[in-house]
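So the chains spell out like this:
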Amino acid sequence: MKPAAFEYHAPESVDDAAGLLSSHEDAKVLAGGQSLVPMMSFRLARPARIVDINGIADLDYIRYEGGALQIGATARQTAVEDSSEVAAQAPLLVAATGHVGHRAIRNRGTLAGSVAHNDPASEYPAVLMALGASVTAVSSAGSRVLSVEDLVSGHFLSTALGPDELITEVSVPAQSGGHGFAEFARRHGDFAVAGAAAVVTMNGTGVASASITAFGGTSPARLDEAEAALVGSDGGSEAVAEAAASATAQFPSTDDIHGSADYRRALIDVLTRQALQQAIAQAQEV
Amino acid sequence: MTTTQWIGARAPRREDPALIRGRGRYVADINLPGTLHMAILRSPYGHARINSIDASEARAADGVHMVITPDDIPDHVTEFPVIWRLPGQKDSGTPALAQGKVRYVGEPVAAVVAESRYLAEDALDGIDVDYEPLDAVTDCEAALEEGATVINEDWGDNVAIHHVFAGYNALGVCGYEPEVFDNADEIVRGRLTIGRHSGIPLETRGIVADWDEIHGRLTVHSESQVASLFRTELAASLGLPETAVRVLTPNMGGGFGNKWDRYPEDLLVSIASMELGKPVKWIGDRREGLMATVHGRAQVQEWEMALQSDGTILGLRGKVINDLGAHLHSVGIGPAWVTGAAAPNQYKITNYYCDVIAAATNKTPSSTFRGFGGPEGIFGAERMMDKAAKHLGMDPAELRRMNMIQPDEFPWFNAAGAVYDSGNFPACLDKALEAADYDRLRAEQAELREQGICRGIGIASYIHVSGFGPSPILGYLSYYTGGYEGSTVKVDPNGKATVYTGMIPMGQGTETTLAQVAAHHLGIDMDDVRVVWGDTDQTPYTGFGSAGSRSNVAAVAVIRAIDEIKAKAVRIGAGMLEADAEDLEYADGMVSVKGAEEMRSVSLAQVAQQAYWAHALPEGDQPFLEATYVYDPPNFTTASGCHLVVLDVDINTGKITFRNYVVVDDCGPVINPLLVEGQIHGGVAQALGGALLEEFVYDEDGQLLTTSFMDYLLPSFTDVPEMEIHHVVTPSPHTDGGFKGMGEAGTFPPGAAVANAVSDALSHLGVEADELPITPSRLWGLIQEATG
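The listed protein sequences correspond, in order, to chains A and B. Per our numbering: the first sequence = residues 1 to 286. Per our numbering: the second sequence = residues 287 to 1074.
No wet-lab data here; the hints were simulated from the structure. Note that beta-carbon positions come from the ideal geometry of N, C-alpha and C, so glycine has one too. Certain hints may be false.
As the list claims (entries may be wrong) - Cβ pair distances, simulated, as ranges:
{"id": "1", "chain 1": "B", "residue 1": "Asp-571", "chain 2": "A", "residue 2": "Ser-143", "range": "36 to 42 Å"}
{"id": "2", "chain 1": "A", "residue 1": "Ile-257", "chain 2": "B", "residue 2": "Val-436", "range": "24 to 30 Å"}
{"id": "3", "chain 1": "A", "residue 1": "Gly-55", "chain 2": "B", "residue 2": "Pro-303", "range": "36 to 42 Å"}
{"id": "4", "chain 1": "B", "residue 1": "Thr-321", "chain 2": "A", "residue 2": "Ser-84", "range": "47 to 53 Å"}
{"id": "5", "chain 1": "A", "residue 1": "Glu-7", "chain 2": "B", "residue 2": "Val-436", "range": "55 to 61 Å"}
{"id": "6", "chain 1": "B", "residue 1": "Phe-1003", "chain 2": "A", "residue 2": "Ile-257", "range": "20 to 26 Å"}
{"id": "7", "chain 1": "B", "residue 1": "Ser-994", "chain 2": "A", "residue 2": "Glu-7", "range": "23 to 29 Å"}
{"id": "8", "chain 1": "A", "residue 1": "Gly-55", "chain 2": "B", "residue 2": "Ser-994", "range": "25 to 31 Å"}
{"id": "9", "chain 1": "B", "residue 1": "Asp-416", "chain 2": "A", "residue 2": "Ala-10", "range": "39 to 45 Å"}
{"id": "10", "chain 1": "B", "residue 1": "His-362", "chain 2": "A", "residue 2": "Arg-187", "range": "44 to 50 Å"}
{"id": "11", "chain 1": "A", "residue 1": "Arg-187", "chain 2": "B", "residue 2": "Arg-311", "range": "50 to 56 Å"}
{"id": "12", "chain 1": "B", "residue 1": "Leu-562", "chain 2": "A", "residue 2": "Arg-187", "range": "40 to 46 Å"}
Unchecked claim - Which bits of chain B does chain A cover? Going by a derived footprint, with three or more residues having C-beta under 8 Å, they are:
{"id": "13", "stretch": "990-998"}
{"id": "14", "stretch": "1061-1068"}
Please model the complete structure; the sequences and the hints are all you need to start from.
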């Protein structure tokens, strides 16, 4: 279990990193390495070059400005978990982070790296979608901002990024409304068999807005049919059950050794319900 | 602690200070100057013919010293044989490399020796193997069908053995009467499946071979659990005299039986070191550990239990099909045989029949794993007990109690030929029921069900025939090794003792246990006893070294050697005290005149000094104060007990949540409660893994899908419930100290206890959890079937 030979680059600036990515084919960005390094050790990934961005000092930050959290590409998941800014502005992100592997993994793993890797069973892509987050992608041609939804949805272990682009920042708008998060994993810290995240706002008559996403299928998914079912309803148990049924129908389920597609759909029903109940209860308190 | 009553003391493990500070030394830590590293090319196919192997590119690669293909193996090297060769069993050993075809994913095809493991793995890409894929056989029942693809052509079919337990009636008490099944009031049937899993040591397998050309000696640093037998077999397979092989065993990070076996890599590193004249090292990575270390447990069982309507069991008959894997490994079909022998369990089942069939499949060979077929037999017996209780509308505890062998009925010859030496089965059951407050649990269960909470209570009783074993019985069973344990005890001139054992500690605290037993019997401080193990040049030969034989076999060898030392100390002391030896006694490390201990006594140290000065030894006694005793037990010891588990099932997700776990264990007198509890905790955790999480999954082509810990799920502390442990103590009548084996017992009942509890929780739906592991997805599927 030793990786194949590769060339190692440790750029000190984003420009240098982008330059390396654009001038070399088959280069991979290394941030926390919690997925890439095992894949390389199994020789499932054999990149010719590694561009290690950990030496780029100004990528390790979490700050709140302009109504959004700005999270740098090398900010560790534990930093997200422990940040009072994140807890105040996007508590859903903190709730989900506790489910990402174990603390030791989160000590190295990064939020941006998790999104860039886009494992369909991982928490962050779906949760960031629910929060309406976006990323800044940089290449030597310039930079662009993509919504996380455009970045990850429909993709499996890949994203809409070009091979010459790297994510430098994840931007998370301040969460408005209550949130819910629920996942089912075989053991604590495992990748989820399935999971759901929700952000809900209420007005005087019921549910004003809902953002519902799920993971554990073929790709992280926005469940807009569930959202449509819920918005305008009173947010009571019948409405929640109806939304969960829509979520279950829309969820891009899949089979693997941890669960059949039917089983995953059954989980999505349960988990969406749990997430929505939490979110609605929280939104009503606000 | 200042005591000489060491047996029974909660002595802390003397192994721990080094191990928990990272000061242990494992095979991977052994770095001899000039070491070369081996990587293995493994089969990517479950079943394929090898048309050709072209290794020319690998041979020319950077840093490569040697490539081993089947053509590079010296002619005199032979495969490792099967040790347990039951009559009628097919014969196939473990070769160094696949011969002409590959039979499972992970089977070694070639090896590269290079200057680093990195370079060795790189060079594997330069070996071009032309495979011709063949149909894979992945289902053990399909393997037995007419026309099934034959995996080992020389067998003629896929049946490694068809062994029948029937009509054993050595004492005239047991037999098989099929008509009983025709005429019984009630017949209860069950079909059970146990998933393929294994003991997963934290430390993977690894080996360093170091050939000394000048002295003609091969030193092997290995983690074989049975170093002496390993030396015998390695020497034989390499065509070396046994004196030319020395096996050194450093710390071992777990064995669980799978390190008892001999493996291809043991031959490959030895061949390479002898060829190259340099140390050669192979450390298995986790992927190799999961695909190329023996698996275990996989069985399909079908049972029929005949009962009277009052619950009296009239007979048990069934079929056990063992999903053997590609070929017979070191112990042959042994575990499946033990399943057949263990299934009568604690009950007065005298009418018994069991077909044991081992079927070859295109999977990793299945072999030794903690419990060795016993847990599988207990799973069968205890699931059937619950099915019978349900069928009869009886309480499962009551059905067990009324059929149990009673304390005054030992020795009991079970219907498969196993002899139980002792036990108090009803006391274990009662203690478990009392500890769990069984009656209250049943009342609560009913209330909770009203509220929609599915709580289940599962009981599983077990016997564990431990202490393998009397060598003549091993001979009778065609098990080609001895079952004794030897020990040399040396008291040095200062009165401190050194114990030499052939046992290999794998984490159970063997060193602590033996030091405790020696200190107790010599009447000295535990810190004054050193235990030497892990070097075949220094330690006694051991033929077995497993099956819970530390306390009840190895410890007895220590006690008997010390008895000889004490007798000699008394003879020497007689001269020193100017008394007759008959008037003296040895106690608490002193030789004293009986009745005048305060006035006239000499210490062990004083006696030892005389023994080494040898100025005035008794006639016929030689200098030194040491003895060797090889103890061959007259019988097995029967440990037993009962587990009771309480859990809740979420019918929407299939999730199981433990509420209580009670263990009652009878391993006879406990040498060290701390270690016994640790063994129970570990055993139960491991078995819960097999019950709920762990499974090697193959697809229909024989591809192994679980090759990392992301897919092969081990229980961690969040998955294992707190355990409440109680003891019933029934000494073995025939071992010194009455000790019984206990290192494996924790693995016996959890599978059945959990399956019984899950089935109990869902009894209103008619769900029967008959397939392990009970994964959430699988359980949800059963609930869906039941509820439509």
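Hint check results:
no.	hint	result
1	Asp-571/B with Ser-143/A: 36 to 42 Å	holds, 40 Å
2	Ile-257/A with Val-436/B: 24 to 30 Å	holds, 28 Å
3	Gly-55/A with Pro-303/B: 36 to 42 Å	holds, 40 Å
4	Thr-321/B with Ser-84/A: 47 to 53 Å	holds, 52 Å
5	Glu-7/A with Val-436/B: 55 to 61 Å	violated, 49 Å
6	Phe-1003/B with Ile-257/A: 20 to 26 Å	holds, 23 Å
7	Ser-994/B with Glu-7/A: 23 to 29 Å	holds, 26 Å
8	Gly-55/A with Ser-994/B: 25 to 31 Å	holds, 30 Å
9	Asp-416/B with Ala-10/A: 39 to 45 Å	holds, 42 Å
10	His-362/B with Arg-187/A: 44 to 50 Å	holds, 49 Å
11	Arg-187/A with Arg-311/B: 50 to 56 Å	violated, 31 Å
12	Leu-562/B with Arg-187/A: 40 to 46 Å	holds, 44 Å
13	990-998	holds (count 5)
14	1061-1068	holds (count 5)
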